[in-house]
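The task is simple: from the sequences and hints, build the whole structure.
The opening position of the sequence shown corresponds to residue 26 in the numbering used here, with each subsequent residue numbered one higher.
Since the hints were made in silico from the structure, they are not lab data.
Quick reminder that beta carbons are idealized off the backbone N, C-alpha and C, glycines included.
Mixed in with the good hints there might be a few duds.
Stated by the list, open to error - Computed list of lysine to any residue pairs in SDA-like fashion (alpha-carbon distance at most 20 Å, straight line):
{"hint": "1", "residue 1": "Lys264", "residue 2": "Pro206"}
{"hint": "2", "residue 1": "Lys264", "residue 2": "Glu250"}
{"hint": "3", "residue 1": "Lys264", "residue 2": "Pro180"}
{"hint": "4", "residue 1": "Lys264", "residue 2": "Trp201"}
To be verified - Pair by pair, the computed Cβ-Cβ distance ranges are:
{"hint": "5", "residue 1": "Asp81", "residue 2": "Ala150", "range": "11 to 21 Å"}
{"hint": "6", "residue 1": "Glu123", "residue 2": "Asp230", "range": "37 to 47 Å"}
{"hint": "7", "residue 1": "Gln154", "residue 2": "Pro206", "range": "15 to 25 Å"}
{"hint": "8", "residue 1": "Arg152", "residue 2": "Leu266", "range": "16 to 26 Å"}
{"hint": "9", "residue 1": "Pro160", "residue 2": "Arg42", "range": "23 to 33 Å"}
{"hint": "10", "residue 1": "Ala150", "residue 2": "Asp112", "range": "42 to 52 Å"}
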Amino acid sequence: MANIRLAAIDMDGTALRGDRSLHPENIAAIHRATERGIQVALASGRMFLSLRRFADDIGLEMPIVSSNGAYVVDDSAQIVLNATVSDSIALAILDYCESHQLHVNLYTGSGIACVRETSWLVTYAERVQNFSPEPLGLDACREISPNKMLIFAEPEDLDTHGRTLRDMVPPGLGTWVRSEPDFLELLPPDVTKGYGLSRLAAHMDVPPVEVAAIGDYLNDLEMLEWAGTAAAVANAHPKILETAGVVYPSNEEAGVAAFLDALG
Numbered sequence: 026m027a028n029i030r031l032a033a034i035d036m037d038g039t040a041l042r043g044d045r046s047l048h049p050e051n052i053a054a055i056h057r058a059t060e061r062g063i064q065v066a067l068a069s070g071r072m073f074l075s076l077r078r079f080a081d082d083i084g085l086e087m088p089i090v091s092s093n094g095a096y097v098v099d100d101s102a103q104i105v106l107n108a109t110v111s112d113s114i115a116l117a118i119l120d121y122c123e124s125h126q127l128h129v130n131l132y133t134g135s136g137i138a139c140v141r142e143t144s145w146l147v148t149y150a151e152r153v154q155n156f157s158p159e160p161l162g163l164d165a166c167r168e169i170s171p172n173k174m175l176i177f178a179e180p181e182d183l184d185t186h187g188r189t190l191r192d193m194v195p196p197g198l199g200t201w202v203r204s205e206p207d208f209l210e211l212l213p214p215d216v217t218k219g220y221g222l223s224r225l226a227a228h229m230d231v232p233p234v235e236v237a238a239i240g241d242y243l244n245d246l247e248m249l250e251w252a253g254t255a256a257a258v259a260n261a262h263p264k265i266l267e268t269a270g271v272v273y274p275s276n277e278e279a280g281v282a283a284f285l286d287a288l289g
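Structure, rendered in structure tokens:
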């Protein structure tokens, strides 16, 4: 294994347990890795401020790849990347969601907005726990240039709406990703976690061979394909398990700690 200088860890389903809390062993392993000279980055579909709170819990200044790679900062809070969905595409998706009564969140570096409170907002707040979207109304949401848009629906409904939504965004004007069974996300063109991590690594002058990453779901795929060392937790999606070079224990069993400690 190459000398690893940067390790990216996914959060939900990977570093976080089912109750969305950080396993204490993962926190301890992050500190051990840092002491060995490995910079640990949090890489997630979550917005920046949500991940910033986890970094505070860990007790370290950490690089953050948020919004599935659209908003990236280094360990000095310098913005490395702030990519946004085009205004015309964002408005079209927002109007579609309104006409079909779909809940959609709009993410920026400073918060999460939605049109109104719905049962999905409550579900999201309960799931994420440390940050809740702010209902701003349709007019205010139409003024936002989001880093990403997240649409909620039952998985089978997302399958149906997803086909229509994908047809609404021409190739090269946006990136769609399924981050959880009931989450469908629209990102700026060509943006993935892998792209966001590559921009962070370039900013830090770290080549891909010296980057390791671990994840569990489909939005981690490009990140694992790009990193020189790719790993998954045992509870990962089958496609992620196929992509990863090594599989560690599940998120409930502190698999991230085992991953970080194995980096030497």
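Cross-check of the supplied hints:
1. Only pairs whose Cα atoms come within 20 Å are accepted, and Lys264 paired with Pro206 is accepted, the gap being roughly 14 Å.
2. This hinted pair checks out: Lys264 and Glu250 have alpha carbons roughly 12 Å apart, not beyond 20 Å.
3. Proposed proximity of Lys264 and Pro180 is supported: the alpha carbons are some 18 Å apart, at most 20 Å.
4. Between Lys264 and Trp201 the alpha-carbon distance is near 17 Å, which keeps this suggested pair within the 20 Å criterion.
5. Checking the proposed 11 to 21 Å range against Asp81 and Ala150 shows it holds: the Cβ atoms sit about 19 Å from each other.
6. Between Glu123 and Asp230, the C-beta spacing of about 45 Å keeps the proposed range 37 to 47 Å intact.
7. Roughly 19 Å separates the CB atoms of Gln154 and Pro206, a value that falls within the hinted 15 to 25 Å.
8. For the hinted restraint 16 to 26 Å between Arg152 and Leu266, the CB-CB distance of approximately 23 Å keeps it satisfied.
9. Range check, Pro160 to Arg42: Cβ separation about 29 Å, and the 23 to 33 Å hint holds.
10. Evaluation of the 42 to 52 Å hint for Ala150 and Asp112 yields a failure: the beta carbon distance comes to about 27 Å.
Consistency with the previously given hints fails for number 10 only.
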